[in-house]
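Residue numbers (the numbering used here), protein chains in the order written: chain A, 1 to 339; chain B, 340 to 728.
Be aware that one or more of the hints could be misleading.
[As the list claims (entries may be wrong)] If you anchor each label on the Cβ, the simulated ranges turn out as follows:
no.	chain 1	residue 1	chain 2	residue 2	range
1	B	Ala498	A	Ile7	51 to 57 Å
2	B	Phe696	A	Asp300	45 to 51 Å
3	A	Lys115	B	Ser604	27 to 33 Å
4	B	His375	A	Asp300	38 to 44 Å
5	A	Phe235	B	Ile512	42 to 48 Å
6	A	Leu196	B	Tyr713	49 to 55 Å
7	A	Gly327	B	Phe650	43 to 49 Å
8	A	Gly195	B	Ile643	56 to 62 Å
9	B	Phe651	A	Pro111	32 to 38 Å
10	A	Leu119	B	Ile347	27 to 33 Å
Since the hints were derived computationally from the structure, they do not count as laboratory data. It should be emphasised that the depicted structure is a prediction, and the values quoted were computed from it without experimental measurement. Here a beta-carbon is modelled for each residue, glycine too, at the ideal position from N, C-alpha and C.
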Amino acid sequence: MHELLGIIAYGLIGLAYFIYLVQEIPIIGVGILNIFIAPTNEEKKKLQSISGLYSDGVEVWLIVAVGLTFAAFPEAFGKLFSGIYVPAFLLLIALIFRGLSVELIFKDDEPKWIKYMSLAWSISGMLLMFVLGVFFVSIFTGFPYENGSMGSNIFSIFSTASISGGLLMIALAFIVGSVWIKLNRLPELSDKAFGLIRKYGIIYAVPLLFALVFMGINNNVVSIISGQLFVAYPFMIALPLASLFFLILVSLFGHLKKALLLYGAYVLGIALFFLSGFIGTYPYILFSSIGFNEGITIVDAMSSETALVVISVVVLIVLPVVILYQGYKYVYFFRKDKH
Amino acid sequence: MLEILSRIQFAFTVAFHFLFVPFTIGLIIFVLIFEHKYFKTDDIKYKKLSDFFGNLFIINYAFGIVTGIVMTVQFGTNWAEYSRAMGDVFGSPLVIEALLAFFLEATFSGIWAFRKNKISKTFRLVTVWMIFIGVLLSALWIISANGFMQNPVGATWIAEEGRVVFSSFSELIFNPYSWYMFLHTNLASILLTGFIVLAISMYHIQRKHHEDTFKISAKIAAWVILISAISMPIVGYTYMNLIAAVQPDKLNMINNGISNAPEVSTALPIIVKTAFHTMTVLGAIFILFGLYVVLFYNKVSESINLKKIAFFMIPLPYIAIITGWMVTEMGRQPWIIYNMMKVSEGISAVPVSQVLFSIILLVVFYVLLFFMDYYLSIKAIKKGFEGEY
Chain A
1 MHELLGIIAY
11 GLIGLAYFIY
21 LVQEIPIIGV
31 GILNIFIAPT
41 NEEKKKLQSI
51 SGLYSDGVEV
61 WLIVAVGLTF
71 AAFPEAFGKL
81 FSGIYVPAFL
91 LLIALIFRGL
101 SVELIFKDDE
111 PKWIKYMSLA
121 WSISGMLLMF
131 VLGVFFVSIF
141 TGFPYENGSM
151 GSNIFSIFST
161 ASISGGLLMI
171 ALAFIVGSVW
181 IKLNRLPELS
191 DKAFGLIRKY
201 GIIYAVPLLF
211 ALVFMGINNN
221 VVSIISGQLF
231 VAYPFMIALP
241 LASLFFLILV
251 SLFGHLKKAL
261 LLYGAYVLGI
271 ALFFLSGFIG
281 TYPYILFSSI
291 GFNEGITIVD
301 AMSSETALVV
311 ISVVVLIVLP
321 VVILYQGYKY
331 VYFFRKDKH
Chain B
340 MLEILSRIQF
350 AFTVAFHFLF
360 VPFTIGLIIF
370 VLIFEHKYFK
380 TDDIKYKKLS
390 DFFGNLFIIN
400 YAFGIVTGIV
410 MTVQFGTNWA
420 EYSRAMGDVF
430 GSPLVIEALL
440 AFFLEATFSG
450 IWAFRKNKIS
460 KTFRLVTVWM
470 IFIGVLLSAL
480 WIISANGFMQ
490 NPVGATWIAE
500 EGRVVFSSFS
510 ELIFNPYSWY
520 MFLHTNLASI
530 LLTGFIVLAI
540 SMYHIQRKHH
550 EDTFKISAKI
560 AAWVILISAI
570 SMPIVGYTYM
580 NLIAAVQPDK
590 LNMINNGISN
600 APEVSTALPI
610 IVKTAFHTMT
620 VLGAIFILFG
630 LYVVLFYNKV
640 SESINLKKIA
650 FFMIPLPYIA
660 IITGWMVTEM
670 GRQPWIIYNM
680 MKVSEGISAV
690 PVSQVLFSII
700 LLVVFYVLLF
710 FMDYYLSIKA
720 IKKGFEGEY
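Can you make the complete structure from the sequences, with help from the hints?
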């Protein structure tokens, strides 16, 4: 029972990270794009409105994922974040400026304020995407964790795979941000955005970067496809391949300017990426890139059975309610903004 | 060195975060009052007040949220051993809190910030209610964790594993220490905001900018100050009885300025004692001030000097809040969890250079944030209803 609850918590962390990222990429993308496609205040306000409306609510998903790690696997939480100390603070600085800039750009009408805030909105978005990409890919490639501590070089989590992951997130933000603008019925701005991502080839970079990430994840003895579940069920290799397939479709639909299809392919691609990653690293909550046995397993790190029961019960009751009202918010304002 | 740096960083980040927290807790209550009045009477004055103070809420709430996320992650980066020990007690309430409170306030504050002029009156009211519930509840988690650190009930210390394990979830949640802190902190927040709202309203009355409207908020603020100031010692007195029972050493510091706990310097209890008395003296001043403003409201709203006093009073509730926290946290030393785990045992084993890096990074950016918030808030306050009406 105790172990099962631990596994459920592990799955919930994956789910929370996925829900966070899949919503964050488009609204961050809108912010990144603002300095490229929206020179006037009126245009910036339109972008702010379709991004800011959701940004705080989305960010809580990250807190839930981090909080679940803390609650269910306290040891892994401490080892992980103290091990990636410097990148963790870069992530925080990016989160601070992203959160503030989107809310505060038009709280003052000084042109200088607006200029610097929109710059901060864009740059913090890129930094956030990059650090998140590095972070997620590192979860799947494993951290340099050995003998109970992280090889604490501040650059140790930056590898070809994780840097490609960071760039992949930035590229996706540009693309899905453009889609988000289009889905929110701002045709002139979305035309500019699509023009930009096609002109500079950003749409074509996605499958390439993903391939780099995936090769990086698996260029080692310790790799997710040699993980327990992939070895036991070899057909699961279809999951990362399908993920690659959908990200190729992202490029294709970007080329064809099919916004809705692109968005669908993006959601599936990211979902399968997370699924592959979390299946691959199982049963490790902190996957070590040095050796399978070095990592911290779910069972090693999990908190008491009572704690896990409390968490699971609350999550299973409240999570659907949250998804319902956040989902309804999207539907409501999509309809309302139409008029 | 590592311990001192970790302490400095925590003290700095939590103090900075707490500049915004009490103000937003109090502000959302004012906005709720105005929004209710607007809903019932359809009087545009209340809508103006709600929008004006709601705007101030959004600015400060934005700073509160981002500096709060730093606190959450910081438990992992700098207090890994503490987090490992406290997973059961600290982690699960955090998840519950995020699900119940953070989602509510964040989802609806987005609507308030970006769509409040495009939704119906009823939807506006619902939105403010949801933010209010979220904001109020979001103090609960951190306070229940802190309450446990002061009075560890509901979980037992497993010495060989060096961590606490749940014995009773309900005992943890209904820890009387936490509820006293919750009440005390929220009342202090409301009191503080009462002072700020009063000063802002007086400023506009003086400028003759929508005088009639700001007289409404000034009057409400005066009553809020009086009621919360009177409630403070009532709550505080029973709170002290509990402290006497569960933390006799803290009481010893407060009353006598001495401590029998190990590893506590002689200066610390004296600081605790001084802080406590500063807080109580300020509490008495707040009651007298509240009484005076309520009783002689007309006099105050017509005299330039009395209006100025309202403005110069603003730092005092902040000082009271800071000294209150000093008593709570310094009085707990050397324990991070009372009688179970010491602060020195809670820190992460990270290189000193990295902690130095993060402190410098945080100081540089937080100074910037402080000026940003100050600039925006003052500008919004001075602007009054201009622009929107």
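Hints, one by one, checked against the model:
| no. | hint | in the structure |
| --- | --- | --- |
| 1 | B/Ala498 x A/Ile7: 51 to 57 Å | violated (29 Å) |
| 2 | B/Phe696 x A/Asp300: 45 to 51 Å | violated (30 Å) |
| 3 | A/Lys115 x B/Ser604: 27 to 33 Å | violated (50 Å) |
| 4 | B/His375 x A/Asp300: 38 to 44 Å | violated (52 Å) |
| 5 | A/Phe235 x B/Ile512: 42 to 48 Å | holds (46 Å) |
| 6 | A/Leu196 x B/Tyr713: 49 to 55 Å | violated (37 Å) |
| 7 | A/Gly327 x B/Phe650: 43 to 49 Å | holds (46 Å) |
| 8 | A/Gly195 x B/Ile643: 56 to 62 Å | holds (60 Å) |
| 9 | B/Phe651 x A/Pro111: 32 to 38 Å | holds (34 Å) |
| 10 | A/Leu119 x B/Ile347: 27 to 33 Å | holds (31 Å) |
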